[in-house]
Structure formats: structure tokens, C-alpha cells
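Now for the letters of each chain:
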Amino acid sequence: MVSPAPPASTDESAPSFAGSRSGTGGDPAIDVRGVRKTYGRKVKALKGIDLRVERGSIFGLLGPNGAGKSTLVKIMMTVIRASEAEGTVLGRPVGAKETLRRVGYLPEHHRMPKYLTGRQAVDFYGALAGVDAATRRARIPGLLDEVGMTQAAGRRLGGYSKGMLQRIGIAQALVNEPDLVVLDEPTDGVDPIGRRDIRDLLLRLRDRGVTVFVNSHLLGELEMVCDRVAILVQGEVRSSGTIEELTAHSRRYEIEIGGPPPDWAAAVGATAAPAAAGLTVLRVPGAEAAAIQPVIDRLRSQHRVIHAVRPARENLEELFVRAVAEHEGDLATAETTR
Amino acid sequence: MTAIVAILVDGYRELNSRKLFWITLVLSAVIPLLFFAIDLTETGVRLFHWEIDAPVNATIIAREDFFKNLFVDWGVGIWLTWIATILALVTTAGIIPDLVTGGAVDMVLSKPVRRSTVFLAKYASGLVFATMQVAAFTAVAFVVLGIKIGAWMPGLFLAVPIVVLFFSYLYAICAFLGLITRSTIAALMLTILCWVGLWIMNTTDSILLMVKEQQVAELDSFERSLDRARELEVRIREEIDERGENESRTARLDALLGRIAEREADTERKRGSVERLESFNSLMVTAKTPLPKTAETILVLKRTLTDATLTPPPATEDAADESGAPDASDPFAVNGPGSEETGARLEDALGERSVAWVIGTSLLFEAFLLGLCLWVFGRRDF
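Keeping their order, the protein sequence lines are chains A and B.
For the first sequence, this note's numbering gives the first residue as -12, with consecutive numbering after it.
For the second sequence, this note's numbering gives the first residue as 618, with consecutive numbering after it.
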């Protein structure tokens, strides 16, 4: 899998994180090949995953339930042992415990001890991450502030809402000032304001040079922040790249006109679809504006009212649905052939 | 080290959040205060202001020994090894299942800490609770007894490591079951079941040992009676030699020889019985060797605290009667061992099982179980 350099940026003025980067240019943060996980003899959760995530980027891993996203993440986090795996995470072999000193992780459906306060939880996981007591004391107030939990930090987790737990979960993932942050469904149960806050935080992390690896079902969220994505279906990577690359073939112009669809639409390669209030949308494939000028000329010659002209392309959700559908189609074809 | 300290502190916070932790701890500190309410009198014991006549009184046992026995038999034997242990198991049984719960275990295993370190630190945090409980009980008992009888007995603190050791056998079973089943209730119930199994085994062992010791004592008594009968036979034969045979002497000799033959047959049967019981005892010891020895571990404490410090009770006539002294007029008279003698023989027999065997093999069991836990925890996908 070849990946173009991501649009990584670094903010030299950012506190603490910036100075700890071990370099954003050379080796990738994650470079794994042939990751397989088989349960028993038959259940193949991962069928040979190749994945490369550049340093200082935000990477989104998408996939339907049961695709193997969490399994892949857990293998990198040493929670699960791979049946086969090659490659490195932060320059060390997959599964090396020492790597985790520079990694922050928030699992999906995480459970932190309810008897701890928010502050104690961040402190506890910081200690497990090997951060000494003095550093934790100095760092935790800033982290709690960053995730908006300063006010509630003295309350026990048992009284927190799901969104508050996610915020504390993210704070504990950052307490060791990681080079790589892996977040599994970070916006799960978080309200729209919280989701925006988390998005902003991810962007700030990227700006500081931190690599962010996100698993999420909320494709709209990912689309807004991810530099690159991979779509995982039934243990295999169906496609990966920047969103721009993955949706390039679907680029088009949409022309919104009054009245019914013109009868010559198909002849110019356009598709027509009814829109609200008696309008029609003509979709003309192509990324270049020049391609639609003859269509506009013809519409004008017929005195059709043009309400809007806009460039469009497949969004992440459509891309995702198509990838899953194609996979299912492939399976059906394979089954028929057999 | 930072991580180990964090896990231990977290273990304390976890226990601290449970009401039962404080209830058990407070009870452990309050129970020894009852020593203030108990005293030894010339005729028995005094409980609060009630005088109770009892065979145990100030004439047969020193006050210090009485309270030491009270501490070991009731304080440790009943409270710490039964009631407080059950409360401690209830309080700590959830530590390992909570650790391996989905969502919680990911948070811990994704940190740069070895799995074995995580597990052992969690296991140790359970033992910390037992240590606090026994230490509170012993410290209060030490102060109360010191004030009450004016004798400060630092030896009581031996209860702390020994009772924690005893608890650790059960807690290792509980941790293993908690890891396998991931259920607090299942771990607790199965541990108590194992404990009951061990108790049945120990009780069976003690009963067999007691029966054997009774039989050995009877065999000794039979053999002594045979010796006396043979001496009598010699005397009768000498009398015949000196005074000549007559009907009476011959009849006495014949009767004696008949009874000797009967007693010899009885003795042989008894010897066979003792040998069979010894075989059973050997089998029982073999079966117990790989298992934790809960009762015997507590007995180590009792032996250590009371050995050579008890004032031997003065021999009374009743005691002499019970101790098996034969009727001088009848050489075949056999008095079975008294209950005290049997008890003493049983304690002696148990005492022959070395501390190294009792504690060493139990620790080997615990080490094996913990090794198994580490293997399972280290290899499992969560």
C-alpha cells in the first residue's frame, strides 16, 4: 500500500507535545503488514491487513460491525495477540510493550473504576503508563482543562455521563504525551457540542505533530478531520487513501433547474433526478468546469431557469456504503462461480 | 515500580469504596475488646459480671496461658480463620474478575506494564486487605491483653503472617477461579466449596489420626497387660515349683494361660487394625501433600504461641483415673486412653508434621496456582 505524504503540520509553539516528537518525516507511525487473527480454526477476524499511517496525521479506520477494526487496534495495543503480523508501531515491532510508553489509547466501551474521581483516573492510568508522580501532578490540570473536565474532576466516575467519561478517557490517553493516540469510537455517546470539542482536540493534536488513529462509525465526523482513511470489511482492507483520492472518480457537477428533466440529458452523459419544489437536479460527471459549459448553454437556449450550479462528489458515507456493497457483491459473485 | 504502586493504591481505593471493607475492619478491631469482658476465676470464668463454673479455672491454668489460648482458639481459630476470612473473601473476590472485565482490562493491558506484574499486583492488593484486618485484630488484642493481664505478648503478632498465609491459599484459589470464570459470584462460591472440601479432608484426616492414636494407646495397654500377665504366669509357675502342684494353682495357671492366649489374639487384631489405620493415614498425608493445609497452618500458630508456655495442669485423682492406670489386682484390666490423652496424642501426631511440610507444600500449591493464573492471563486475548 503506497501512501502519499499527509498534510502534516507542526506547531512549534504548542506546549510540551511538540518537543517530544521523534520526527515526523521519516518512518511512519504505523507500518504493519500481513496482520492476521484467527480464532480457533475457522473464524478469520483479520485476513492479512496492510496499513501505513504517517506521523503527524489523522487516520480514520472505517468498517461495519464485525469488520475487525477493534481487533486490529487491540493487536497494536497488545491486548490481543496476532496470529501473524509483521511491521512496526512507532518504530518497534508490533506487540512490543515498550512502544506503549509513547502511545495513548481509548478503547471502545471502556470501563474505568467507578470509585475513582476523574482526576484520580487520569492519575492512575498515567502511573500505569510510566509517568512519574511529579510530572503527573504538573500535567493533569492542563489535560483536564483541555478536555473540559476541570470542574467535574473531583467527582467520582460513577456519577459521570457517557460524554464526561469519554472526555476523561481521552485525557488519560494523553497523559503520557503520546506520539500516537489511538481512539476507538471517541465520540460514542457524546453530544454535538462534545463531538465538536473532540474534533477540535484531534486537530490540535495533529497540529502538535501527534499521530491520531481513529475508529469510528460516525463517518461525518471522520470526514471533517481525517487526512487518510481505510475501509475494513470482513477482515480485509477494501480501500485506503485520502478522502480526495478515494472519491476522485465520483467528482461531478450538479445543476439545479426548474421544471422537468430535459429529454436530452442522457445524451450528454448527465443523469437527472427530481428535487424538492418541482426542481430537477442534473448530475454531470467530471471534475472540470469546462465540461458543463455546453450543458449550461443548452439549458439557457431553452430558457430553462438555472437555480444552482455546484461541484459535488461522493461523501465518506456513500464511499463506505459502496465499499461494503461491492464487497458483498464480490462475495455473491464468488459464491455463484463456486 | 510506579505502576505497581499505582495498582496497589488503586486496590486500596477499590476496597475503600466498599462498605463491607470498613465493616469487617471495624469488627476486627472491636472483637478483641471482648477480652476486657472475660476473666479467669478460681472456679471458672467470668463473662461480664456473670460467674460461670468451668473446668478451666485459675487453679489449673495460668492467666496468661488462658488468654493466649483464648486468642488462638477463639480469636484466630473462630474469628480470623472462619468469619473474618469469609468476609475477606466476599470483599476481595471481585478484584480479579473486575480486572478481566471487557473494557477494563483493555485500559490496563494497553499500558507498558507486563501482564504478570498487573496480575500479581492485583493479587497482592487482595492480600493487603487481609493483612490490614489481621493486623487490626492482633494489635487491639495485644493492647487489651497487655492492659488486662499486665503481660505484653509480642508473639501474638505472629498471627499476622500466619493468618495472611492461610488466607493467601484460599485467595489464590479465588483468583484462579475469578480469572477463569470472570464472575465474582462463581469465584466466591467455588472457593468456599474448595475450602469446605479441604475442611472435610482435614477433618477426616484428624478423625483417622485420632482413631489411630486411640488404637495405638489401646495396643500399648494390651501389650502392658500381657507383660503383667506373663509376669504373673512366671510367679504362679515359681509358686508351683516351690510348693508343688495342686488343683487351685493349676486351675489359676490354666485360666491365666487361656486369658493370655485370648489377649494375644486381641493384641494381634489390634496391631492389624493399627497397621491398617497407619496405611490410611499415610494415604491421607500423600493426598494432602499437594494441597493447601489450612487447618494445619493455623495449628502452627497455636503450637508456636502455646508450646512450652502452658503451665502443666496438676495431676488430680480424676485425671489419674482417666489416664489409663490399670487395676493392680487384674493384670488384664485395660483402661482406654482418656479424652485428654487422646487429644494430646493427636496434637503430638499432628506436631510430627513439620512446619516445612505444612507451609512449604501449601506455598508450592499457591505458587503453582499463581503460575497457572499468570500463564492464562499472559496468553489470553481480551
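Be aware that a few hints might be false.
Claimed, not checked - The list that follows gives simulated cross-link-like pairs (lysine-lysine, DSSO-like), each with its CA atoms no further than 27 Å apart:
{"#": "1", "chain 1": "B", "residue 1": "636", "chain 2": "A", "residue 2": "101"}
{"#": "2", "chain 1": "B", "residue 1": "887", "chain 2": "B", "residue 2": "765"}
{"#": "3", "chain 1": "A", "residue 1": "149", "chain 2": "A", "residue 2": "101"}
{"#": "4", "chain 1": "A", "residue 1": "34", "chain 2": "A", "residue 2": "84"}
{"#": "5", "chain 1": "A", "residue 1": "149", "chain 2": "B", "residue 2": "765"}
{"#": "6", "chain 1": "A", "residue 1": "101", "chain 2": "A", "residue 2": "31"}
Since the hints were derived computationally from the structure, they do not count as laboratory data.
Hint-by-hint comparison with the structure:
Note on residue 636 of chain B and residue 101 of chain A: the hinted pairing holds, with a Cα-Cα distance of about 15 Å set against a maximum of 27 Å. Restraint check: the Cα-Cα separation between residue 887 of chain B and residue 765 of chain B comes to about 50 Å, which exceeds 27 Å; the hinted pair is violated. For the hint pairing residue 149 of chain A with residue 101 of chain A, the CA-to-CA distance comes to about 12 Å; that is within 27 Å, so the pair holds. With a C-alpha separation of about 24 Å, the suggested pair residue 34 of chain A and residue 84 of chain A falls inside the 27 Å cut-off, and the hint holds.
At most 27 Å may separate the alpha-carbon atoms for a hinted pair to count; residue 149 of chain A and residue 765 of chain B exceed this at roughly 57 Å. The suggested pairing of residue 101 of chain A with residue 31 of chain A is violated, with an alpha-carbon distance near 35 Å, which exceeds 27 Å.
Of the numbered hints listed earlier, those contradicted by the structure are 2, 5, 6.
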